[in-house]
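K.L.:
Sequences are here, hints too, so could you generate the full structure?
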Amino acid sequence: MARIIAERLVTSLFVIFGSTILVFTTLYVLPGDPVDSIIDPSVATPEMVENLRKELGIDQPYHVRLIHYFSDLFRGDFGQSLVNSTPVLPQIIEQFPKTLALTIVSSCISIIVGITLGVLSAVHRNKTIDVLARMIGLFGISMPTFWTGILLILIFSVALGWLPSLGSDGWQTLILPSFTLGIIGAGFIIRMVRNSMLEVISENFITTLRAKGLTERAIMYRHALKNALIPALTMMGMMIGDMLAGTVIIETVFSRQGIGRLIADAIMASDLPVVQGVIFFTAILYILINLIVDLSYSAIDPRVRRSILHD
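Following numbering that gives the first Met the number 0, the numbering of the sequence shown begins with 0 at its first residue and continues without gaps.
Calculated from the structure, these hints are not laboratory results. What you are looking at is a predicted structure, and each value in this text was computed from that prediction instead of being measured. Just so you know, not all the hints are guaranteed correct.
Quick list of in silico lysine to any residue cross-link-like pairs, SDA-like style, CA-CA up to 20 Å [claimed, not checked]:
hint, residue 1, residue 2
1, K53, L65
2, K126, E215
3, K126, L137
4, K97, I66
5, K53, G236
6, K225, E198
7, K97, E215
8, K225, V122
9, K53, V42
10, K53, K97
11, K225, G240
12, K225, K53
13, K225, D241
14, K126, M142
15, K211, N194
16, K126, D168
17, K225, I200
18, K97, G240
19, K225, F204
20, K225, S269
21, K97, S164
Okay, the calculated beta carbon distance ranges per label pair [claimed, not checked]:
hint, residue 1, residue 2, range
22, N194, C107, 18 to 26 Å
23, R209, E93, 51 to 59 Å
24, G75, R124, 50 to 58 Å
25, T10, L137, 30 to 38 Å
26, D241, D58, 36 to 44 Å
27, N194, H67, 44 to 52 Å
28, L137, M237, 17 to 25 Å
29, G212, I111, 29 to 37 Å
30, L232, K53, 50 to 58 Å
31, C107, S201, 42 to 50 Å
32, W161, T10, 26 to 34 Å
33, L137, E202, 35 to 43 Å
34, T10, K225, 23 to 31 Å
35, R216, M142, 42 to 50 Å
Glycine included, C-beta positions come from ideal geometry on N, C-alpha and C.
P.N.:
Here you go:
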């Protein structure tokens, strides 16, 4: 197990290094001058522009800027915002708890709804509850995030007046955005758990358990479910990472504070240090989540652990 952890840590470091270079290069080659977001081009003189470019270090060639960027990252310096001249990292740390709360609640909704409906759908195959679960799953997978969010706002805020539609103050403002994000993940989990359960139910050891006289309830929920959840575990980890990325749309639609809203505003203002900082921070989180899930998957299923060790 120690070897698997060491291999995964080394791989994760390479992924973080590569993704950082990719993000830096992408923002470097994009058209537009960051100086335009600081001073008005219509009133700025060429000397003012040149002096500001030297002050920010963006007059340097690509490789020099890249080395400086990595040097700053190793010291924990994510740079300063071009718009408000404040350090980027404190801004991310201030906004992250709001995004984390949204991601955790959304993930809980996805996992609880997804596993419950996926299991019921498989156990009651081709019955009413199976059809209903598949329809909910198809809705979650097919509908765009912003469309679902706007639909929920129209129903529960505008028509019924039960829940607030905008803002991030109070737990009530967390319900609609969490459900919007959660129903998407639930759609994927329903399909994954249903298919996995049906596959496990058809295996020989289930027939053996029936021959031994175990009740159908014990077979389904004590033996079949445990095996069916193993492949779904990896997808749940990836789903949590995708939810972090999905908060950009959700926090914009519901006018919530968070790192998704922070990067959306930074993109609109061409505030490149903030964009780079949020992407780097999110990439590390995404990789860490997948590393934890990967190691959990290896710990739960001995077949996966043996397969990795024999590669």
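K.L.:
Give me the numbers of the hints this structure contradicts, sorted from smallest to largest.
P.N.:
Hints 4, 5, 7, 10, 11, 12, 13, 14, 15, 16, 20, 31, 32, 33, 35 are the ones this structure does not satisfy, whereas the remaining hints hold.
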